[in-house]
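Engineer: Knowing the structure of chain P, use the given hints to seat chain U on it.
Residues per chain, in single letters:
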Amino acid sequence: MLAYLIRRILYAVPILIGVNLLTFALFFVVNTPDDMARMQLGIKRVTPEAIEKWKQQRGYDKPLLINSAAGGTDKLTDTIFWQKSASMFVFDFGYSDDGRSIGREIAKRMGPSLAIALPTFLIGLIVYVSFALLMTMFRATALDMAGVALCVLLMSISGLFYIIGGQFVVSKLWHLVPISGYAGGADSFKFVVLPILIGVAGSIGSSSRWYRTIFLEEIGKDYVRTARAKGLSELRVLFTHVLKNAMIPILTGVVVVIPLLFMGSLLTESFFGIPGLGSYTIDAINAQDFSVVRAMVFLGSVLYIVGLILTDISYTVVDPRVRLQ
Amino acid sequence: MRVLWIMLLMPLAACDGSLWNNPYPASDDGKSILYTAFTERPKHLDPAQAYSENEYEFLALIYSPPLQYHYLKRPYQLSPLAASALPKVTYLDKSRHPLPDKAAAERIAYSVYEIRIKPGMRYQPHPAFVPANYMRKPGSIAALGDFADTATRTVTAADYAYQIKRLVHPRLHTPIAGVMSEYIVGLKDYAATLQAAAKAHPDEFLDLNRYPLPGVEVVDTTTYRITINGKYPQFAYWLAMPFFSPLPQEVERFYALPGMKERNLTLDWWPVGSGPYYLSENDPNRRMVLMKNPYYDSETYPAEGEGGDAAAGFLADAGKPLPLIDSIVFSLEKETIPYWNKFLQGYYDASAISSDSFDQAVAVGVSGEATVSEAMKAQGIVLDTAVSTSTMYTGFNLLDPVTGGNTERARKLRRAIAIAVDFEEFVSIFANGRGISAQSPIPPGIFGHREGCEGINHYVYDCVKGAPERKSIAEAKRLLDEAGYPGGVDVRTGQPLVIHFDTTATGMGNKSRLDWLRKQFDKLGVQLDIRSTDYNRFQDKIRRGDTQMFFYGWNADYPDPENFFFLLHGPQAKVAKGGENASNYSDPEFDRLFEQMKNMDNGPARQAIIDRMLETLRRDSPWLWGYHPKNYVLRQGWLHNVKPNIMANNKLKYWRVEAAQRDRLRREWNQPVRWPLWLGAALVLLFALWIWRVLQKREQGR
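Chains as they are written, first to last, in the working numbering: chain P, 32 to 356; chain U, -7 to 694.
Calculated directly from the structure, the hints in this document are not laboratory data. Hints are not guaranteed to be accurate.
Stated by the list, open to error - When the alpha-carbon atoms are kept at most 30 Å apart in a straight line, the in silico DSS-like pairs for lysine-lysine are as follows:
id : chain 1 : residue 1 : chain 2 : residue 2
1  : U       : K94       : U       : K110
2  : P       : K139      : U       : K284
3  : U       : K622      : P       : K75
Only chain P is shown next, with the shape it has when bound in the complex (with noise of 0.2 Å):
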């Protein structure tokens, strides 16, 4: 297994490049550097000297991949590209363009965002995987139509709806918990309960659906029929039995998000005002913070590819068939 780890470790090198490369591409196909010291300086009496200015202090006054100036490897190395993106590499996220370290503003943002996404990405698991089971054990039942069609109908209501009607009804009119703000430790209960609640909500119908079908696959299969015959409760077989088996789909959908639970969500954050990772990366885009975002699509990438080698050993742990290699 260790051999196969450091092989996709490897391997992540060219992406992480790549993924460099292109998102260097994309924002300054759309931006140049004198774009972005206008954004950063204001509208209000910027000279052509304070741009320069700006520029030279952050580097960007360099040319962007080759130098042709430069001899030997400052060609490569005497330019935006590189002394932006070299450094990531050792997780030096450098500063942002308003100066602030972007890996302690990374640090201080995640804790937010995990308090909210963690929760609910672990209640909704349980919950989505019950209800699923729950609707599988009713299969073909006017109790199994009616959880469809709730799904159906949960599905088809937007994300935003739930936070504006959850906001609305619960901390409006009813004064359960506060409409937005947040605070750190015990005093975060108030505050992340109704963002949880509310995101797990939003996805019971899309999550609980797909289970259902996952679970469905499964319940037909001889095993099952097997279980039943030695006479094992209909929970059991389908907490126990069902539930074991049908890991490997579940796993692929969901250990690769979790390392991305620390990025936040964007529409949650913004309107509970929660101080996380959702909107660093929106807020850059719209500044045009370059530094802050190659840093969030080089952490992004990063921790997406953590997620997919974490899928592929949790695929050891629930299925002693595969083997990494």
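Structural biologist: Same frame as chain P, now just chain U:
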């Protein structure tokens, strides 16, 4: 196990005696705290770099420049803040001999501003004032709070001089460095000197005190002089901005210590001022908190205002030490819906009104006056309105062969369009009536603006019963005809006239506005081609002069007509000079009058020149004058001394909050409704029970 305990005990944290939906700790109850929100995080908090309104909201309360705008008096006027009196200005000729106060502007080679600051003012408590803190190893520091010892020191005139030098610091970006280099004697050369010094020693702390600046002289500990080139009366307004606040050099040295920047400990993030408040918490992704500066004792609530202020209760706190509120909590609210609902629940003390909630909040009377709706009135909410010192206009590019030029034909085309585009309708539809159509670039409240018939743009409006009434479309068509475009067709080519309009407005949200604009041109039979583009491309087009018409706005730096007229001053044209004149308008007579007007003191002579300038502008119509937005702010009944003041950014120090009344009303408005919890729990239980029974039956049936 520990984590499990924390999770189990977390719900109990909500049972601290506070209301369930209270976003603030129960310990805040009864305290003199102002709760407000910000929608956009500030980029800079260094007084040399900050220039945006959302940055000044904080900086104006943290720093103490020499002057400020009087909170109550109108029209807007300067009053001393850190200065003990308004600056004494001495005019000098080329040989530096004094001139009389009434000397002609062309004789004045230099103006010397002598500023005496109040003695004994002190800075906020800060670790930079403790020498021992400079010895600490950076590894042991994560936040400013890790410095256990803080201290203060007295503000000196040298601190003000130091900050002026920082305006051209090679490692800072000061938006006004260019303007100030034109005026402050020696500042341009000083910038070059610093640039060379920084280049020679790139890794060293740049000690500005090693390099003298001839235009700034420290006379003694409380007096300093600034010498500027020529006569520039508007300079006094700059002295009311944070650019001219005091800055102790040790603070720069402190933040330059190794490891500080890596920990986000910079002056741009943690300002150090001598104003009424200091920044005690800075998490712009969540909230920013200002606390009363314990050493601030140099100011009291004004005892004078304008007529009616006493009756309105604005003088009730006269003579009381400022600030009147102990702490200000700014929470980040990116979305308008939560912001508005929290205001209605009493968790914000004041709120702007979004378009979505306008009808719920405001009732417009028969005569057009705005008041709060009955629902708001029942909650004790009060509406304050004020016309802002800004203008939203649509500019013509005067370099364009169709819309531009100073020929009578071009003027008539522009005036025809000016009549056709009905900004009264625009304000009514798209701004909920929150604005007044502009008669010129100068908004009300700025010297030079005239009310009544004499202030009306008679090229576009008729004066009917003392009020402007837009001329008819027939008149616009006649002008269009005379311009050579009868019925919207160019007589020279026989082709329909197509005007290109550049805007950054894109997406569905702006479609209705752009459709409305097209309809205005349809009235004349002229086709409008809307070229929506992103911000960068739009700015590019403006810089290159590759536009015909565009939408723009300007927010006054200071309440002087010069700050609006310069947007049309020929030598400041965007294409030729890279200035702020985006229309590239140039008229020799206007430019000559501008030069004359800008150095004059307010009075009948200046007004007469302004009238002539306005007549030229209205005749040439380089802009559709657009409208001046009106600010509508709602506040809770427990908030007092709130008088709209568009120019003052430090007005929160005058506000007073009745915390006991707020607590009582919040409790009244926010009692939790518990029955849904019980009902929900009962339903879940019943469902679980039912499932259990069904399962049991199934098992028994097998």
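Engineer: Work down the list of hints and note, for each, if the structure agrees.
Structural biologist: Against the structure, the hints come out as follows:
Distance restraint check for K94 of chain U and K110 of chain U: the Cα-Cα separation of roughly 28 Å lies within the 30 Å cut-off, and the hinted pair is therefore satisfied. This hinted pair checks out: K139 of chain P and K284 of chain U have alpha carbons roughly 27 Å apart, not beyond 30 Å. For the given pair, K622 of chain U sits about 22 Å from K75 of chain P by alpha-carbon distance, which is consistent with the 30 Å threshold.
When held up to the earlier numbered hints, the structure conflicts with none and fits them all.
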